[in-house]
Amino acid sequence: MHIPDGYLGPGTCGFFYLVMLPIWTAASRIVKKTLKSRQVPMLAIGAAFSFVIMMFNVPIPGGSTGHATGGVLVAILLGPWAACIAVTVALVIQALLFGDGGITAIGANCFNMAFVLPFVGYYIYKMISYNAAVNSKRRVIASGVAACIALNIAALFTGIEFGLQPLLYHTAGGQALYSPYGLNVAVPAMALEHLFLFGWVEALVTALVVKYLQKHSPELLEESEVSR
Amino acid sequence: MKLTAKLWIGIAILIVLSPLGLLLPEHFKAGSAWGEWGADEMRELVGYIPKGLTKLSGLWQAPLPDYAFKGWEEKGLPLLSFAYIISAVIGIVVVVLLALIIGKILSKKGD
Numbered sequence: 000m001h002i003p004d005g006y007l008g009p010g011t012c013g014f015f016y017l018v019m020l021p022i023w024t025a026a027s028r029i030v031k032k033t034l035k036s037r038q039v040p041m042l043a044i045g046a047a048f049s050f051v052i053m054m055f056n057v058p059i060p061g062g063s064t065g066h067a068t069g070g071v072l073v074a075i076l077l078g079p080w081a082a083c084i085a086v087t088v089a090l091v092i093q094a095l096l097f098g099d100g101g102i103t104a105i106g107a108n109c110f111n112m113a114f115v116l117p118f119v120g121y122y123i124y125k126m127i128s129y130n131a132a133v134n135s136k137r138r139v140i141a142s143g144v145a146a147c148i149a150l151n152i153a154a155l156f157t158g159i160e161f162g163l164q165p166l167l168y169h170t171a172g173g174q175a176l177y178s179p180y181g182l183n184v185a186v187p188a189m190a191l192e193h194l195f196l197f198g199w200v201e202a203l204v205t206a207l208v209v210k211y212l213q214k215h216s217p218e219l220l221e222e223s224e225v226s227r
Numbered sequence: 000m001k002l003t004a005k006l007w008i009g010i011a012i013l014i015v016l017s018p019l020g021l022l023l024p025e026h027f028k029a030g031s032a033w034g035e036w037g038a039d040e041m042r043e044l045v046g047y048i049p050k051g052l053t054k055l056s057g058l059w060q061a062p063l064p065d066y067a068f069k070g071w072e073e074k075g076l077p078l079l080s081f082a083y084i085i086s087a088v089i090g091i092v093v094v095v096l097l098a099l100i101i102g103k104i105l106s107k108k109g110d
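Sequence order for the protein chains is A and B. When you line the first sequence up against numbering that gives the first Met the number 0, it's residues 0 to 227, in that order. When you line the second sequence up against numbering that gives the first Met the number 0, it's residues 0 to 110, in that order.
These are computed hints drawn from the structure, not numbers from a lab. Keep in mind that the hints are not guaranteed to be accurate.
To be verified - Partial list, computed: chain B residues near chain A (C-beta under 8 Å):
1. L2
2. L6
3. V15
4. A29
For every residue, glycine included, the Cβ atom is placed at its ideal position computed from N, Cα and C.
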């Protein structure tokens, strides 16, 4: 889901940087109000987890690969705004040091994975786990369902961004200038692979960690979030 | 043991296991992620390389492209796995430092 350089036209890249600017500003402002200094290591662990879990590429045999992002888990533990910052840090370093995701696409990639994903996941989790006891099974299920749906929505956005490119940018002869596949190909391709495989991977990773924390550190699931 | 210590150990274990993210796709003959093809794959898929893509894709030369050392593409899986782990370590050190700095700037003092 890391869009590389050259797949989005300059206008699309600029648009998503512009969209992310106020989001990043709001995230810093909100996290500044709520983050306690003892929670700073958790922010770093969240960013590190998101970074490393994205290195676990899961193959579709003979097809493409994909991976979990950890963004919903971080949102459950620290709130969506802190998750936005943590995942942004991971994505920026992936782009700059490892060429995973383009530098022109940092705005778009952050929109999909550091904004849409943690926020969708967080609110679905809150809805399903409403009034559930901290150690309840419902909380584990809520985290898994939230993670799966959130990754799928993020993939859907990514597919739409890819799919709009040939409409927005093409030569007079009809050749695409950037990403070549239209909505009719890009959206189903991104949607289906996440629906059938990668969404489940994200769900499994998220639910397993939540289950582990229920046992070993339930207070993390209770009141440690830094933003609502 | 403090929870954060346990979680750091968890991250360390993930770093050691990270080459699975390289070896499993290789084993199951999976290609690139959708929409993350290189120039050659792109030519194979659509028959041409979009002009704008050629221009923009060379914009940034990452120091450790694809979590490997430059020029190591043909070195074989054991060495590539080693490079993958080193990349994970370097990446996480930088990510953690950056997150700590941002956290320090944003957090309230004293509690």
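Outcome of the hint check:
no. : hint : verdict
1   : L2   : holds, 5 Å
2   : L6   : holds, 5 Å
3   : V15  : violated, 10 Å
4   : A29  : holds, 3 Å
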